[in-house]
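S.K.: Sequence:
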Amino acid sequence: ISLLPFLFFKMTNLNIFFSFGGTALLIVVGVALDTAQQIESHLVTRSYEGFAGPRGPRIRGRRG
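Counting in my numbering, the sequence shown tops out at residue 99, every number present.
Derived by calculation from the structure, the hints in this document are not laboratory data.
These figures come from a predicted structure and were not determined experimentally.
It is possible that part of the hints are untrue.
[Stated by the list, open to error] Just the calculated beta-carbon pair ranges, DEER-fashion:
(1) L42 / L68: 21 to 27 angstroms
(2) V66 / K45: 24 to 30 angstroms
(3) K45 / T70: 30 to 36 angstroms
(4) F41 / A67: 18 to 24 angstroms
(5) S82 / K45: 44 to 50 angstroms
(6) F41 / Q72: 39 to 45 angstroms
(7) E75 / F41: 20 to 26 angstroms
(8) Y83 / T58: 50 to 56 angstroms
(9) V66 / M46: 23 to 29 angstroms
(10) E75 / T47: 33 to 39 angstroms
(11) N48 / S76: 41 to 47 angstroms
(12) K45 / T80: 45 to 51 angstroms
Backbone N, C-alpha and C define an ideal beta-carbon position, used for all residues, glycine too.
Throw the hints in and build the complete structure from the sequences for me.
M.R.: Pasting the structure below:
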């Protein structure tokens with residue numbers, strides 16, 4: 036993955052400044068995956084809070 040930008044510029048014979056390297060690509064992909072995971076976990080947490088309600092779960096055990 037880190038060599039893809041280098042290979043792209045070599046195959047297309049573009050002589051522009053090579054500013055977007057493989058390490059940057061790995062960082063961008065990692066941050067995007069982490070952000071998506073945090074959003075998903077936040078949505079799941081909100082879903083469970085809605086089910087439990089503000090005073091806790093609606094189903095009580097024998098002690099309640």
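S.K.: Now tell me, hint by hint, if it's right for this structure.
M.R.: Verification of the supplied hints:
no. : hint                          : in the structure
1   : L42 / L68: 21 to 27 angstroms : holds, 23 angstroms
2   : V66 / K45: 24 to 30 angstroms : holds, 27 angstroms
3   : K45 / T70: 30 to 36 angstroms : holds, 31 angstroms
4   : F41 / A67: 18 to 24 angstroms : holds, 21 angstroms
5   : S82 / K45: 44 to 50 angstroms : holds, 48 angstroms
6   : F41 / Q72: 39 to 45 angstroms : violated, 29 angstroms
7   : E75 / F41: 20 to 26 angstroms : violated, 33 angstroms
8   : Y83 / T58: 50 to 56 angstroms : violated, 38 angstroms
9   : V66 / M46: 23 to 29 angstroms : holds, 27 angstroms
10  : E75 / T47: 33 to 39 angstroms : holds, 36 angstroms
11  : N48 / S76: 41 to 47 angstroms : holds, 45 angstroms
12  : K45 / T80: 45 to 51 angstroms : holds, 46 angstroms
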